[in-house]
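*Asks:* Letter by letter, the chains look like this.
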Amino acid sequence: MTDAAAAEPADDQGQTRDLSNARDMIVCEEVSKWYGDFRALDKISTTIKEQEVVVVLGPSGSGKSTWIRCINRLEIHQEGRIVVDDVELTNDLRNIEQVRSEVGMVFQQFNLFPHLKVIDNVSLAPIWVRKKPRAEAEEQAMAQLERVGIPEQAHKYPGQLSGGQQQRVAIARALAMEPKIMLFDEVTSALDPEMVKEVLDIMKTLALSGMTMMVVTHEMGFAKEVADRIIFMEEGQIVEQGTPTHFFENPTEDRTKLFLSQIL
Amino acid sequence: MSEFAGLGANLGMSTGMIPITAPPETPKLPPREWVKANLFSSPFNSVLTVVASIIILAITRGLMSFIFNPQRQWDATATNLRLLMTQAYPEEQYLRIWIATAVVFTLTGLSLAVWRAGSAVPLSDVGRRLLTFGGTIALLVLLAPFSVRATIIWLVVAVAVAGGGEALRRLVDDERTMSTLGILLIGLSGLVGSLWVIPYGNHTFQLHRTPRVLAEPGTVALTTKLPWTVMLLVAVAAYFLGIFIRERLPTNAPRITLLLLWLLMPPTLLYLVLRDPSFDMGHVLGTDIPIFLVYAVLGGALLNWLARPSTGEIGRIVAALVLVAAFAAFLTPMRMIVRLDMLVLAAFALAAPTFSGGPRARKNYVIGWLGFLGIMSWLVTAINTPSTVKVPGQFFIGGLSLTLIVAVFTIVISFPLGLALALARTSNMPIFRLLATWFIEFVRGVPMITILIFFSIMVPLFLPPGMHLGEVAAVIIGYSLFSAAYLAENVRGGLQSVTRGQHEAAEAVGMTTSQKTVFIVLPQALRISIPPLVGHCIGVFKETSLLAIIGLFDVLFIARSVMPNQTEFMGSTKENVLFVSLIYWIFCYQMSKASQRLERRTGLGER
Numbered sequence: 198m199t200d201a202a203a204a205e206p207a208d209d210q211g212q213t214r215d216l217s218n219a220r221d222m223i224v225c226e227e228v229s230k231w232y233g234d235f236r237a238l239d240k241i242s243t244t245i246k247e248q249e250v251v252v253v254l255g256p257s258g259s260g261k262s263t264w265i266r267c268i269n270r271l272e273i274h275q276e277g278r279i280v281v282d283d284v285e286l287t288n289d290l291r292n293i294e295q296v297r298s299e300v301g302m303v304f305q306q307f308n309l310f311p312h313l314k315v316i317d318n319v320s321l322a323p324i325w326v327r328k329k330p331r332a333e334a335e336e337q338a339m340a341q342l343e344r345v346g347i348p349e350q351a352h353k354y355p356g357q358l359s360g361g362q363q364q365r366v367a368i369a370r371a372l373a374m375e376p377k378i379m380l381f382d383e384v385t386s387a388l389d390p391e392m393v394k395e396v397l398d399i400m401k402t403l404a405l406s407g408m409t410m411m412v413v414t415h416e417m418g419f420a421k422e423v424a425d426r427i428i429f430m431e432e433g434q435i436v437e438q439g440t441p442t443h444f445f446e447n448p449t450e451d452r453t454k455l456f457l458s459q460i461l
Numbered sequence: 024m025s026e027f028a029g030l031g032a033n034l035g036m037s038t039g040m041i042p043i044t045a046p047p048e049t050p051k052l053p054p055r056e057w058v059k060a061n062l063f064s065s066p067f068n069s070v071l072t073v074v075a076s077i078i079i080l081a082i083t084r085g086l087m088s089f090i091f092n093p094q095r096q097w098d099a100t101a102t103n104l105r106l107l108m109t110q111a112y113p114e115e116q117y118l119r120i121w122i123a124t125a126v127v128f129t130l131t132g133l134s135l136a137v138w139r140a141g142s143a144v145p146l147s148d149v150g151r152r153l154l155t156f157g158g159t160i161a162l163l164v165l166l167a168p169f170s171v172r173a174t175i176i177w178l179v180v181a182v183a184v185a186g187g188g189e190a191l192r193r194l195v196d197d198e199r200t201m202s203t204l205g206i207l208l209i210g211l212s213g214l215v216g217s218l219w220v221i222p223y224g225n226h227t228f229q230l231h232r233t234p235r236v237l238a239e240p241g242t243v244a245l246t247t248k249l250p251w252t253v254m255l256l257v258a259v260a261a262y263f264l265g266i267f268i269r270e271r272l273p274t275n276a277p278r279i280t281l282l283l284l285w286l287l288m289p290p291t292l293l294y295l296v297l298r299d300p301s302f303d304m305g306h307v308l309g310t311d312i313p314i315f316l317v318y319a320v321l322g323g324a325l326l327n328w329l330a331r332p333s334t335g336e337i338g339r340i341v342a343a344l345v346l347v348a349a350f351a352a353f354l355t356p357m358r359m360i361v362r363l364d365m366l367v368l369a370a371f372a373l374a375a376p377t378f379s380g381g382p383r384a385r386k387n388y389v390i391g392w393l394g395f396l397g398i399m400s401w402l403v404t405a406i407n408t409p410s411t412v413k414v415p416g417q418f419f420i421g422g423l424s425l426t427l428i429v430a431v432f433t434i435v436i437s438f439p440l441g442l443a444l445a446l447a448r449t450s451n452m453p454i455f456r457l458l459a460t461w462f463i464e465f466v467r468g469v470p471m472i473t474i475l476i477f478f479s480i481m482v483p484l485f486l487p488p489g490m491h492l493g494e495v496a497a498v499i500i501g502y503s504l505f506s507a508a509y510l511a512e513n514v515r516g517g518l519q520s521v522t523r524g525q526h527e528a529a530e531a532v533g534m535t536t537s538q539k540t541v542f543i544v545l546p547q548a549l550r551i552s553i554p555p556l557v558g559h560c561i562g563v564f565k566e567t568s569l570l571a572i573i574g575l576f577d578v579l580f581i582a583r584s585v586m587p588n589q590t591e592f593m594g595s596t597k598e599n600v601l602f603v604s605l606i607y608w609i610f611c612y613q614m615s616k617a618s619q620r621l622e623r624r625t626g627l628g629e630r
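Quick mapping for you: the protein sequence lines, in order, are chains A and B. Numbered according to our numbering, the first sequence spans residues 198 to 461. Numbered according to our numbering, the second sequence spans residues 24 to 630.
What the hints contain is simulated information worked out from the structure, not anything from laboratory work. Nothing here was measured: the structure is a model prediction, and the numbers come from that model. Ideal placement from N, C-alpha and C gives every residue a C-beta, glycine not left out. Take the hints with a grain of salt, since some may be wrong.
Only pairs whose alpha carbons sit at most 25 Å apart, straight line, appear in this in silico BS3-like list of lysine-lysine [said to hold, decoys possible]:
(1) A/Lys246 / A/Lys401
(2) A/Lys314 / A/Lys328
(3) B/Lys386 / A/Lys328
(4) A/Lys329 / B/Lys539
(5) A/Lys421 / A/Lys353
(6) A/Lys353 / A/Lys329
(7) A/Lys454 / A/Lys240
(8) A/Lys246 / A/Lys377
(9) A/Lys314 / A/Lys353
(10) B/Lys539 / B/Lys386
(11) A/Lys353 / B/Lys539
(12) A/Lys314 / A/Lys329
(13) A/Lys394 / A/Lys421
(14) A/Lys328 / B/Lys597
(15) B/Lys565 / A/Lys329
(16) B/Lys565 / B/Lys539
(17) A/Lys246 / A/Lys353
(18) B/Lys565 / A/Lys314
(19) A/Lys328 / A/Lys394
(20) A/Lys377 / B/Lys539
(21) A/Lys377 / A/Lys329
So these bits of chain B aren't anywhere near chain A, every CB distance computed over 12 Å [claimed, not checked]:
(22) Glu336
(23) Met357
(24) Met534
(25) Lys539
(26) Pro555
If the Cβ cut is set under 10 Å, some of the chain A residues that face chain B in the computed set are [what the hints assert, rightly or not]:
(27) Trp231
(28) Tyr232
(29) Asn269
(30) Ile293
(31) Glu299
(32) Leu313
Just chain B, same shape as in the assembly (with noise of 0.2 Å):
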């Protein structure tokens, strides 16, 4: 209280001296008036905060004691926790998830500080918010049906992160500050900290119930306590390896080379985990490097011909001739990495005019020619190749890691095919408008269900003979078309409001079509669809729980259908349904966050 009449006085005698009055400030009113001012203002108001406070404490009542019932059996999810992950991934492999997360936590770490992640909050601040938190726990604490034992150690844990989060905001002065960083590894090692100390199956507020006993894994890849832990020590080094390397490079390379890794790391993660292949050498080395030189060499020259300035209109045509060549060959028996090989040859041709330039661009695009061939080469020769992880059986991922790996493909896949026909239906070529216009009607038209069906049975039955594709490839090739056809229509609502002056003007000083669509009109276009489109990437994260009904085994699915059917935990459902909620929301309210993040960040310089 006192403070605040301080500052009043303080700005009372500024505005008096100086001439030249700031804006008044609009002052922070102290809790109790803050409240009587905005729940408290009128009767009405008065009855509604009341009706709504009682509402809410109702509702968190019901649902501290359905979590706290004694009767519910929470150590079936504790048990489980490797079922809904991996499902029946081998466990003498399982070093090998452990080495992709562990990939995944490095490119974070180097993420973080290479992009600048987090911000400095004042101490008291984070005082404040641990006195919110301290209260919240105790009042959950009160509203939980706990024995008197239980309440009384939980009060005491709520009075101690109160009070010291008062103790923080009182005795430091506003000026210290503290890393969100900072915070974020003060919980993540709380929570990794807690395995050293809780074993699972063991619930110390259940206090009437004999705990459970956990019958120890076998090698340390199966437990939890120490990998996690290394885990975390990881993405702390990599964190400090990135700003090793952000003080000592310019900005942008390592900001490219980082994108380029999150990018190359989905497919090479799975096949690490999945595959593993092992290539017969003898087929490489007589088929598939010389199939990649040959298209280095006469690609990388044909590009470096088209990418010159002056190739003009010729090179157009013989761009569009590699193209129908590209077509034609799917009509004729031929590797399958010929035609793609050539298709991604036609789609570089047919970009090269917008990127021509002097030596120095040529040589660069010449230069993601050869990655992007390289890179798909090695991704066909893996798939064709058979793998060293041998498991019984024909499925074996599945839970939380399925969900990851369809969702975070088909997202990646979906992306810029969702761009490619929303800029098709947008064109005023008419060819491309009606097959991309057919395509998305046609797809949305159809549940997703029967194309998820389409995809895993009827699919396989349409391939050629002696070409097999997964079942998960398939749903995903399924699921992404399925989500392009939406993504498709977010970005054309984008694209609709990019004004027809910024058309002209991109045209107005010379733009070829392609240069205003990928300078002026799709960076506009996917910043205000940053909403819709971080909708649909969770709601592409969230219904890859559809995947059980073609038989997959999802995190939802080994939820409510294999775990209630273990003997120990008969009819546990419900609690592993809410578990799995928690899942779900974590991942989804991320993205959320990222997506609000996103927009603060690209909405930079909009008035």
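With the rest of the complex left out, here is chain A (with noise of 0.2 Å):
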């Protein structure tokens, strides 16, 4: 019943675009993972497709960060396939290394390096991962950062900024990776709530530039608006999933209803 809701995405919507010809980004088939005898997450099979912004809800413990994390294998997936533009993860380490490579991540926590200015935060990957030459890498970092809107931060160190900031910060190191992909995982629930926006507005900016991107958020204004497909998670499973209209107006399962009558 829920591959059902993934094979055919509300059609009666004008916002919606049609993806179906698009190519496969992301590939899950009956991706399995337990912590000891806990199962966190059940047999998720889905397809995310290119340019396409997925949305995960879910109570807290449901499983979404666990997900998106072994999407770039921070975590390992124990039983299923996960295939991300077209490379299988495995335990083979050049496969690891190109996915993470192509696939950019946003956390809570920001997890930028404090010892380094925000230039270098941007611009240390580019340089050793990418291996380009510094001037150039440099000079892409300041762009990226110009694109979150903090270039005068440049030379700051992330402990000098404040906690919106430093997420952009965050957002500019991931895309100055030129990546394929973005994960947000609960991007802005360490935020003040004033900071909130600036980091949403990127976001949408982001998601109307055609990145294919995962979200993880409890912020629901952002997934009716910028959602193309919202899927809903509980206890390691996806229990519904379709666009915004049909997830927000009239959800057919019963722990939707519920989560949806929690939360508004």
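Given two chains presented individually in distinct reference frames, assemble the corresponding complex, making use of the accompanying hints.
*Replies:* Laid out in structure tokens, this is it:
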């Protein structure tokens, strides 16, 4: 039943883009993961197309973060297949390094490198992973900082910035690797309310520019406005998925209705 | 008092007039009110202050009467300074020591300039310090058991110092500043100048005691006043040279060059002072240089290939094979230099993918290899060459020089070793982890003395015939292994404090494990480890005093066992040990200050 929802994304929406002809960027087949006896992911299967923006919702402990972290192998799945941009994630280090350099990730706790200036935070990986000349990498880093709106902070240390600014640097750091996919793991949860908007605005612009995105969030407004598809998870399973209109206005599953009644 | 009142009025006015109120400045209390607020705030606090003051005064008085007791034989240390510094180093070679010292001073002067050391202090602050200093002198003079005349002379000095300070404080306006380096220079000039005025062994404060006149040493190199004056001039000249360089070159080039020179300095000076090898040119041209050239050309080509981003997995396999070959080389009879070169080549080969990149990156990497290979070849050749410094007996350097040599070498060698051990112990490769854990736990479970004894007595027995390892070299190796085990644990603490998020962020942008370690984990771990690491260095420096147990003449051993047995200075142990502890304290305190500066500097940007 959940597969059926994925197969035909609601077509009555004018705003929904038709992505059925786009390439598959992320393919998950029966992905499962256990922490000891606890089953964190239970046979997750879905396909994310190029340029698609997928928002993953669900209560705490439902496995959203675990899943998104499996996609660049910060967590290791134990069963099933994950294929990212035609590269399957296995124990082969070369595949992992290739996937990681194609997939950008932004974390809840920013995880900026505190001993490096903002510009070095952004240009470090292009220099050493992409092997770009330093001058070129720094020029591009400045361009990314301008994209997220804080070029004037380039020569400060992360500790001197506000939370929202730090998260924007983190987005610039991920973008500097010119990734094909961006993963956002509850990026606004650690921010003060007045800083949430500046980060969400950047994510919206990014989505409009055609980036393939997978976003774990609790921001329902963002999900409604930006998502091509919403995936609702509970207890490690995909319970329901569909367009924002379908998801927020006439969800089919009882658990989805319960979740929506609690948060709206 | 009046200036504080003025300040208060100013503040009041400004807060009244400007709508945006600045945070109220905590007013600086005048001395009397500060004392009242901090030392006599409550009855209990007052009692505490009085009791503590009495105890401090009593201890100071005891110390002063110990130091200035007419029975004290301070001329023991004054006469034996050369013994304390270098022990039995041959007098006719003493010029080498001064050249070595001049090299250290040159590098120090250059570094001070290139790193823009020193800061500006307001002259009024200097005045305040001088005032306090004069007051302290006066207090000490009153506590010391001086004759009336000596007391008056010293009180005049104290009042002059304090008066000068007060004059500076009052007469100079607040804007005028002075460089801390200038103050340092004045202090050092004063010390060096005093060498010209006060001959050693003549103590003005022991007025009733006949000054002992020292025998004037034979050559200039054996005196103190002229060489030290030259040293000071060398340092000043080097400082101005450093400024000249700083203003004309980009920042990084001189700094990197200086760091390399500092690293090269200890072995170079050691060979200059202790060995000055007389190279057998036939052997050098016929064997050493060909070996160097073979490794330089073939190794350079190999590394150039390995550092190509396109080389990939085959490169890693080749690098691992080189490592195996290097270990195999230790099982077959061949020249030590061939094996060592192979081992270092393997290390460079394994690290090559981390530093891979375009033609420029590869060129830099190969140049690094050539430089390292050249230095190592020179060192090994120098070790295997007989010395031109001929001296009777086996050990010919001791005292503070020995202490410094052993401490500097141990710290320099054990640092990379400890880092490697810490990384191995936290790595997720079981073999490395197991080996590192066993090594650390074994070494930490054994007293240092047993390791020193083992390395000085037992190791020469195990060496292959024909190979000779000097006692000091053996001790340095043993001590470095010992120190590395402790250092590894300090670094491991730092490694653990790097959060999981930092690892994940580095992995998420596609860094390899070694890139993550070099650029993200180690810088943060080392910064956190600065206090324990410097504490460790201080410990290494002080524990060199254990060298006496295996028969080396370190500075403390000379002070407690050699000098008190000289017929002139029978039983001068107490004075000598006090003097030596002052020497230790000066060095350790400087390390401690350096640690604080380093913490401040690297703490930049932390909130």
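*Asks:* Taking the numbered hints from earlier one at a time, note which ones the structure violates and give those numbers from smallest to largest.
*Replies:* 5, 14, 15, 16, 17, 18, 19, 22, 24, 25, 27, 28
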